[in-house]
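One line per chain: the protein sequences are P and A, in this order. For what it's worth, our numbering labels the leading residue of the first sequence as 1, then goes sequentially. For what it's worth, our numbering labels the leading residue of the second sequence as 1, then goes sequentially.
Misleading hints may appear alongside valid ones.
To be verified - In silico lysine to aspartate or glutamate, DMTMM-like type, Cα no more than 20 Å apart, as pairs: (1) A:LYS111 to P:GLU15; (2) A:LYS117 to A:GLU18; (3) A:LYS111 to P:GLU28; (4) A:LYS289 to A:ASP530; (5) A:LYS117 to P:ASP14; (6) A:LYS421 to A:ASP497; (7) A:LYS421 to A:ASP141; (8) A:LYS117 to P:ASP13; (9) A:LYS117 to P:GLU15; (10) A:LYS199 to A:ASP530; (11) A:LYS111 to P:GLU56.
If you are wondering where the hints come from, they were derived from the structure by calculation, not from laboratory data.
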Amino acid sequence: MSQDHLTHAEHRDDEASKLGMWLFIFTELLLFGGLFVVYAVYRYMNAEAFHLAHEELSVTMGTINTVILLISSATVAMSTSAIRLGDTKKALILIAITIIAALVFMVNKYFEWGGKFEHGLYPGSAELAARGQGEVLFFGLYFFMTGLHGLHIIVGLVLLTISYIGVKRGTINGESPVMLDNSGLYWHLVDLIWIFLFPLFYLIK
Amino acid sequence: MSSESQVHSGYVSFRDVETKYKGILAWILSTDHKRISFLYLYSMITFFIVGMLLGLAMKLELIAPGKTVMTAETYNAFFTLHGIIMIFLIVIPGLPAVFGNFFLPILIGAKDVAFPKLNLFSWYLYVLGAVVALTSQFLGDGAPDTGWTFYAPYSFKTHTNMLPAVIGAFILGFSSILTGLNFIVTMHRMRAPGMDWFKMPLFAWSLYGAGWIQLLATPIVGITLLMVVGERLFQIGFFDPALGGDPVLYQHLFWIYSHPAVYIMILPAMGIISEIIPTFSNKSIFGYKAVVYSTLAIAFVGYFVWGHHMFTSGMSSTALYIFSFLTFLVAIPSAIKVFNWVATLYKASIQMEVPFLWAASFLFVFMIGGLTGLFLGSIATDVHVHDTAFVVAHFHFIVFGGVGYAFLAAMHYWFPKMYGKMYDKEIAIFGWISFTVGFFMLYTPMFLLGYQGMPRRYYDYVAQFHGWNIVSSIGAFILAAGFITILVNFIRAAYGDKIAPNDPWGGKTLEWSIESPPSLENFEEVPFVDKHPYDYSEPTSEK
Chain P
1 MSQDHLTHAE HRDDEASKLG MWLFIFTELL LFGGLFVVYA VYRYMNAEAF
51 HLAHEELSVT MGTINTVILL ISSATVAMST SAIRLGDTKK ALILIAITII
101 AALVFMVNKY FEWGGKFEHG LYPGSAELAA RGQGEVLFFG LYFFMTGLHG
151 LHIIVGLVLL TISYIGVKRG TINGESPVML DNSGLYWHLV DLIWIFLFPL
201 FYLIK
Chain A
1 MSSESQVHSG YVSFRDVETK YKGILAWILS TDHKRISFLY LYSMITFFIV
51 GMLLGLAMKL ELIAPGKTVM TAETYNAFFT LHGIIMIFLI VIPGLPAVFG
101 NFFLPILIGA KDVAFPKLNL FSWYLYVLGA VVALTSQFLG DGAPDTGWTF
151 YAPYSFKTHT NMLPAVIGAF ILGFSSILTG LNFIVTMHRM RAPGMDWFKM
201 PLFAWSLYGA GWIQLLATPI VGITLLMVVG ERLFQIGFFD PALGGDPVLY
251 QHLFWIYSHP AVYIMILPAM GIISEIIPTF SNKSIFGYKA VVYSTLAIAF
301 VGYFVWGHHM FTSGMSSTAL YIFSFLTFLV AIPSAIKVFN WVATLYKASI
351 QMEVPFLWAA SFLFVFMIGG LTGLFLGSIA TDVHVHDTAF VVAHFHFIVF
401 GGVGYAFLAA MHYWFPKMYG KMYDKEIAIF GWISFTVGFF MLYTPMFLLG
451 YQGMPRRYYD YVAQFHGWNI VSSIGAFILA AGFITILVNF IRAAYGDKIA
501 PNDPWGGKTL EWSIESPPSL ENFEEVPFVD KHPYDYSEPT SEK
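In isolation and in its complexed conformation, chain P is listed as follows (with noise of 0.2 Å):
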């Protein structure tokens, strides 16, 4: 008796790799959970110095790379229903634009840290330890949270760029679009973490 064969035989359950996924994303909504914790206090216990802080970041940059993620979200909800649709076609040029959608986004991450970088405001270095410990702590939960949001993003990469040779393979198709939809799925945490980390540090005053 091989245990391949039988392996192989068993049930396709999409409910099931759907549950699945969701009890990952409340997973990964504690993960940053703690850390919103960690903000909340520590924003009540350097409410000035957060505020200094929050000013040296870019308002433009950051709402351009909330849009963009928008828009991306948007995207790959319509290529989960363009699947369902039998157009491979048009769900192909939707991810695709999710996709880049994200490359940008790094992209502009990218030189959104290098500035930061420039002007000597990063954890560890004698300009930020001078302006003292309110932005130090600021500035180390800037990195250390949109460093993690950034892993997420690379992570979603990956599964939207399988999923998107998947589609174009016909393994992923309007008969089994879990896949798809399970990127998806992931994609919209991503999108929704970033909702939340856009005004604790762009916004609030």
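Starting from the structure of chain P, add chain A where the hints point.
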């Protein structure tokens, strides 16, 4: 062999089934939940022996005041490693990864877990996490010496090799999350036809409760450990007062996970006891629904009691009262379970078999552990005994007593199913006696020592504590002798030729309705379940 004839070709044990790979590869590349369970079992026994040896070395050091066999630094490294191994590698993943993997699908009438590949991946993460954590002992500037809690500011001030320990714990957390996720989806999607939620066996229910804790609490410690990594690598001042951080915040974040983690350990242990007691009482569990709801209540309330680890760390008095109150509250559902188990035994016709001895002694150690937990949950008493040997004794009664006794109960209960062989009853009873005598000799004196003021985590003590420490150290070796007896008994049985029947104990749950050991597919036909899991209304046919 054509696929048509395979279905009817009769029974082949999952252990003997022909696979694509040969030898050890047939196990470490298998996605069969039963083989993965064995991978975990053998890894854990290996780690447990290491952890036990470290514990014995510490007890040897404490047999007399002053330096006996090791320096203070070595002692610090030993209790840290003992804690990391026992907590992160054994008691947190232990029962779900070994018995959950093997029996959850069978108990609910499924052929495997929902995501078999993810299940195997979890084991690889477990091994990776273990290896990374253990490298901290051999590389860099010495073994970590912070204790398993990695408290700030020690964890980023110490010159020792903290990073691998912290990263290893993070990876192990990931493995735990994925196992919990897998089990929850399995229970939602793969229960046999007819098995509604309230026909699910109680071990499955306990894994469901534990699964949610794994899923929702583990990421908090994950991110906290990542923050320690950020702190050590990039001088981000999350918890460093010199940079504006708050070390007490670290303790909060750590215990937000690590207290619920105690329930990840104890809920499956309670689930196993809830399986064993009805089987050996030949009677349905008393108050099935009360056991289920108390499982869920523990999982829920368990999130909100973390502050009782920090009564002396600096919190507002309002917070102290609330955490103390909630701690007393969480004891109620645990007590409900104890009453249910005892009520199940009432007027039952009890079979005095080895698994029952373990389950019954679980009740004693669990109650001692639980009640002394309430000493620590009362604020005033806690101030007196915190950071003493009393805490260590309580912790070992509840965690080693709870999980260890449940693990060995489960091992004796399910061994015939897992191996298809039966162990020697006399040796097993001898092992149980030795283990239990050693256990009480080892930990009971620590309550007294702690109450008299002997601090924990010291390699030395004043002469007045000498007497009880000798008793405790001797107990440790009796316990270890018991454990080795049990282990040898199992190994002999596994290689022996005493074949076990399919249902040696007269159990009614689904695992006893199939062959020992089960076939690859578990069930030839997916069973239809229309009965309560512990239905003893008809007399047992096979005994």
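Now for the hints, and whether the structure bears them out:
1. A:LYS111 to P:GLU15: holds, 17 Å
2. A:LYS117 to A:GLU18: holds, 19 Å
3. A:LYS111 to P:GLU28: violated, 29 Å
4. A:LYS289 to A:ASP530: Holds, at roughly 17 Å.
5. A:LYS117 to P:ASP14: This hinted pair holds, its Cα atoms lying about 15 Å apart.
6. A:LYS421 to A:ASP497: holds, 7 Å
7. A:LYS421 to A:ASP141: Distance of about 48 Å is beyond 20 Å: violated.
8. A:LYS117 to P:ASP13: holds, 14 Å
9. A:LYS117 to P:GLU15: holds, 17 Å
10. A:LYS199 to A:ASP530: Since the Cα atoms of LYS199 (chain A) and ASP530 (chain A) sit roughly 8 Å apart, the hinted pair holds (cutoff 20 Å).
11. A:LYS111 to P:GLU56: Roughly 57 Å between the alpha carbons, so the hint for LYS111 (chain A) and GLU56 (chain P) is violated.
In summary, the numbered hints that this structure violates are 3, 7, 11.
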